[in-house]
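FYI, the numbering used here numbers position 249 of the sequence shown as 263, with every residue one higher than the one before it.
Calculated directly from the structure, the hints in this document are not laboratory data.
One should not assume that every hint holds.
What the hints assert, rightly or not - In silico BS3-like links for lysine-lysine, alpha-carbon gap of 25 Å or less:
id, residue 1, residue 2
1, Lys-120, Lys-65
2, Lys-329, Lys-65
3, Lys-124, Lys-65
4, Lys-329, Lys-120
5, Lys-70, Lys-329
6, Lys-120, Lys-70
Stated by the list, open to error - Derived DEER-like restraints, expressed as beta-carbon distance ranges:
id, residue 1, residue 2, range
7, Arg-204, Glu-309, 21 to 29 Å
8, Phe-255, Phe-174, 43 to 51 Å
9, Asp-47, Phe-174, 32 to 40 Å
10, Gly-257, Gly-210, 30 to 38 Å
Every value quoted in this text rests on a predicted model; they were computed, and no experiment measured them.
From the three backbone atoms N, C-alpha and C, an ideal C-beta is built for every residue, glycine too.
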Amino acid sequence: MVGAPEPLLPSDCARQGIETIMDDMSSQPWTWDEQTWRGKVDHVRAGRSLKPARWKNGARCAVALSFDSDHETNELRDGGKSIGRMSQGQYGNRQGVPRILNALAKYDAKATFFVPAVAALLYEDEQRRVAAEGHEIGIHGWIHELNSQLPYEIERDLMFRATDTLERITGVRPVGLRTPSWDFSPSTLRIERELGLLYDSSLMADDDPYELMEQGEPTGIVELPVEWIRDDAVYFNMHRFNGLRPHTPPTAVYDIFFREFERAYEEGGLFLLTMHPHVTGYRSRIWILERLLEEITRRSDVWVATHAEIAAFVKEECLR
């Protein structure tokens, strides 16, 4: 009688493969205990609302216009291989910023320009003009790097060097940060606290200002929240090699932005808009900003201010 076959045993290679799969499975989010997933959520969190009952001088609504002057740094961050993309960035300096400054001057509106240090070094006179015309310049990284890909030591070094560079060029030390691409790493808030910043403008937990919390503890740092809905780049930017071909008619983008402002006005809140000189600075698009400024400034109960002015006001009013 022929005996039953011996059971097949996994080879060493197969056994190692099974162990690897099991190890990978054990690190998946569905295997986390409550302490782990709560810890990730609580690392950086929105705390108390800093929306005041009324804005400065009794204004009903506050408006914070911001311009991310990235210029060539978007391409430099990616390796600097495309001369075409760098020329597109240069357009921001040659045409975008001058048109924006002219529009702001026409309506006597102050704004905040977030500038990577490399862009500031490429165009020092631009930064001096922006500051001389009464606008704020905020931190926007060193070379528009992706923060979440960097270890703490490198991210910290770049942010401190960027801050020192902007101060040297403009004579004013920046008090606020907008992370490049709104890429907020686990170390970013720690670095902002080490820099002693007044505010951040990179996160999206509310429409109105709020206090940032770190591991459940209040930090005293004001968040002026952004949102992709209120950003010109998502409607217009394109990249010919990766299939990115968005195009929204300027009239539709204006309509979205104006609806956001109208509801902020109705609610007595903050309208914060993010634009880019190399995106909005074109002849067919600059009118979006001009038309918004016309609608905003014709209302006597709207306060148009820099991010630093708004952050300082809500901190004084709501964090006393």
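Outcome of the hint check:
no.	hint	verdict
1	Lys-120 x Lys-65	violated (29 Å)
2	Lys-329 x Lys-65	holds (10 Å)
3	Lys-124 x Lys-65	holds (20 Å)
4	Lys-329 x Lys-120	violated (30 Å)
5	Lys-70 x Lys-329	holds (12 Å)
6	Lys-120 x Lys-70	holds (22 Å)
7	Arg-204 x Glu-309: 21 to 29 Å	violated (40 Å)
8	Phe-255 x Phe-174: 43 to 51 Å	violated (34 Å)
9	Asp-47 x Phe-174: 32 to 40 Å	holds (36 Å)
10	Gly-257 x Gly-210: 30 to 38 Å	violated (43 Å)
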